[in-house]
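Number of protein chains: 2
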Amino acid sequence: MDDRWTRLAELAVHGANIQPGQIVMVTGEIGQEEMARAVAAAAYDRGAKFVDVDYFDPWIKRARIEHADPDTLDYVPEWYGGRMVAHAEEHGGRVTLAGVVAPNALDGLDMRLVGKDMLPRVKELGKIVGDRSTNWCIAPCPHPEWAKLVYPELPEDEAYEKLWHELEHVLRLDEPDPGKAWEERMDALNESAKRLAGHRFDAIELRGPGTELTVGMLPTHTWWAADFSTADGLRHFPNLPTEEVFTTPDPLRTEGHVASTKPLVLRDGTIIRGLRVRFEGGTAVQIDADENVEALRSQLAIDEAALRLGELALVDRHGRIGPLGTVFFNTLLDENAASHIAFGSGFPFLVEAEDVGRVNSAPTHVDFMIGSPELEVDGVTAGGERFPVLRGGDWQI
Amino acid sequence: MDDRWTRLAELAVHGANIQPGQIVMVTGEIGQEEMARAVAAAAYDRGAKFVDVDYFDPWIKRARIEHADPDTLDYVPEWYGGRMVAHAEEHGGRVTLAGVVAPNALDGLDMRLVGKDMLPRVKELGKIVGDRSTNWCIAPCPHPEWAKLVYPELPEDEAYEKLWHELEHVLRLDEPDPGKAWEERMDALNESAKRLAGHRFDAIELRGPGTELTVGMLPTHTWWAADFSTADGLRHFPNLPTEEVFTTPDPLRTEGHVASTKPLVLRDGTIIRGLRVRFEGGTAVQIDADENVEALRSQLAIDEAALRLGELALVDRHGRIGPLGTVFFNTLLDENAASHIAFGSGFPFLVEAEDVGRVNSAPTHVDFMIGSPELEVDGVTAGGERFPVLRGGDWQI
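Just so you know, the protein sequences line up as chains A and B, in that order.
So the first sequence is numbered by my numbering: it starts at 1 and just counts up by one.
So the second sequence is numbered by my numbering: it starts at 1 and just counts up by one.
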């Protein structure tokens with residue numbers, strides 16, 4: 001097996017902190033077999049009891065949308081979610097492979113129909129993440145098709161090598177001890193999160209090109225880096241790479257308008273460019289985009305709460321992704337290049353018990369990037385005091 | 001989409017007789033994506049409500065056997081079988097893609113360990129087939145690796161085209177109306193089965209090179225062609241192609257020895273050549289082979305009943321597979337070229353209620369080919385009367 005797949009896989013299972021005896025779900029796409037196999041080997045090396053690899057095939061999804069009765073497109077057999085719930089009850093671990101494999105699989109389809117079929121996402125996942133019953137890590141999987149999308153100006157071979165090179169850099173796999181490098185970065189991110197949490201802001205204001213947005217905070221909110229523990233106390237890094245600190249906002253108090261600063265790629269591969277959203281009373285009342293806005297609209301139309309925010313994340317300019325200037329067309333990478341917000345499910349563990357019922361609860365979670373060097377971020381306290389938080393990508397607090 | 005994939009897929013869903021509103025499971029391997037996608041499209045065209053495609057990856061199995069604790073290799077999460085049971089409870093349909101994709105995936109592994117991991121087979125399947133709760137069809141999926149194995153003397157492209165050509169022939173896809181061609185062949189097979197059943201033999205005797213075997217019959221046994229109906233009365237062809245008539249024997253009354261006449265390929269791709277088995281009191285007491293005998297031994301060691309017979313099938317010389325003289329290294333094809341027997345689970349629906357408890361019940365079903373033009377088959381009645389059944393591949397009854 002190619003040594004770089006092994007190193008990448010070992011980092012992914014290190015991120016998920018797979019334990020001896022665990023059942024490990026590996027979720028990928030057709031085309032990500034090499035990494036899935038390396039992750040399975042690495043998980044078994046750590047003592048996993050069973051590795052359950054599930055390959056999603058976007059061309060099957062295409063066949064469904066082209067050939068099935070449109071009225072059936074929101075149907076999913078109960079065993080899709082049941083499997084996730086049973087795995088969570090067993091306190092299993094999860095590794096999810098991210099990245100683009102089949103960017104054109106859904107081209108030319110009616111985007112309203114595409115949005116009705118939520119797969120591979122299952123509605124049960126939001127609760128599983130919220131309950132912190134599983135230790136998990138999402139990590140990127142290089143693929144030639146992804147490389148072509150990211151570096152269209154390069155010959156295919158060079159593009160693929162450059163993708164590997166940049167991913168290894170942002171994953172800190174070019175460090176002698178990647179695990180130690182991540183410990184150090186996590187320390188810094190945890191420190192930023194702690195300072196932000198200490199202010200207990202009542203609202204965060206964001207201003208930049210196309211953006212004037214106020215996001216209300218819940219009274220007991222805190223900020224975290226992507227350095228999680230399960231309810232059992234098992235530490236894990238749910239995203240690698242990660243450069244963000246984030247909170248879960250008051251879903252009823254977002255006001256203003258916001259423009260995306262990077263393309264948003266839905267999990268089914270649909271790319272939405274030039275997204276513009278206007279919020280009133282916490283709800284997105286107007287969603288426009290230069291491309292494919294229907295796919296997003298129908299994905300958010302499934303539930304009122306999907307139109308409200310579940311996450312606000314800030315990214316400084318000291319991470320490894322932003323400086324590359326590369327658009328990866330993938331949320332895992334791009335969200336860690338820039339500050340972002342997410343429609344849909346929030347994080348109940350980021351507030352105290354009295355506010356848990358107020359955290360947004362929705363069957364989806366869609367991040368989109370709104371950060372840029374021009375973005376000014378302020379915090380406003382309940383007493384009306386205003387603090388600069390980010391200027392030019394540097395922390396002010 | 002390549003038109004020949006569509007024609008093949010349409011025959012597979014015709015064989016399974018997929019109904020409007022059904023949930024359809026499609027089971028294949030990594031490498032069989034084109035056919036899986038065509039089957040999904042064809043199933044949706046017939047009104048399927050959902051097509052659940054599951055790709056098995058034998059290289060994940062290899063990673064498990066190489067890296068996992070050997071003591072865990074027989075573990076399977078409950079949701080693997082649970083999914084099959086839930087699907088059967090919904091009266092779903094199934095299409096399984098057969099054929100070789102990764103003939104070397106398990107090369108060089110300890111065959112005793114390979115046999116402990118039964119996947120992709122789940123133990124629940126035997127009961128589901130026995131209960132006749134699902135309509136299903138196993139159909140072959142051409143693949144370049146399969147073609148290389150079958151026609152090693154040909155250039156790869158030619159081999160692949162020849163495999164398509166021979167499969168289309170045996171599947172009667174070269175007929176103007178393949179569905180009608182299968183109706184006619186099924187009529188002939190059903191007629192042979194009816195004549196055999198009419199005799200109510202007490203035992204079947206088989207004699208040929210390396211074979212002198214007596215297989216005892218259950219008093220109320222019958223013979224069928226692979227022309228099934230579900231418990232709900234939905235007709236379907238569970239194997240395409242099919243040329244066999246078969247019964248389920250008395251698992252306690254097999255005596256003698258038998259030699260395989262074609263290679264046996266286990267579901268995990270392991271090829272067993274030169275198999276020789278000796279039976280006493282229904283049980284295989286000695287199992288030898290020229291290659292890979294350990295993989296079969298450990299697969300059968302899981303359960304006492306796995307060492308007893310669940311099936312006896314007779315194939316005349318008028319089918320389309322035998323005359324080709326091709327060894328397909330695949331049970332679906334090869335078992336329909338020649339008479340065969342199977343270790344493991346039997347077919348309770350082939351006896352009347354009073355004998356159902358006597359039918360072999362085991363968590364596996366492994367067919368192996370014992371037929372040849374030289375094989376003489378006799379039927380012996382309870383009164384000791386002997387009837388020639390097959391001579392030179394021609395029916396004598």
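Some hints could be false.
A pair holds if it fits inside one copy or across any two, identical chains being indistinguishable in the list.
[To be verified] Listed next, the in silico BS3-like pairs over lysine-lysine satisfying Cα-Cα at most 30 angstroms (straight line):
#1 127 / 194
#2 116 / 49
#3 127 / 49
#4 148 / 116
The set of hints was computed from the structure by calculation and includes no laboratory data.
Within a copy, between copies, both or neither: which one fits residue 116 and residue 49 at a CA-CA cutoff of 30 angstroms? between (36 angstroms within a copy, 14 angstroms between copies)
My question is about residue 127 and residue 194: at a cut-off of 30 angstroms on alpha-carbon distance, are they close within one copy, between copies, both, or neither? within (25 angstroms within a copy, 57 angstroms between copies)
Intra/inter-copy verdict for residue 148 and residue 116 if alpha-carbon distance must be at most 30 angstroms: Classified as within: same-chain Cα gap 29 angstroms, cross-chain 42 angstroms, threshold 30 angstroms.
Between copies, within a copy, both or neither: which fits residue 127 and residue 49 at Cα up to 30 angstroms? both (24 angstroms within a copy, 26 angstroms between copies)
The structure agrees with every numbered hint stated previously.
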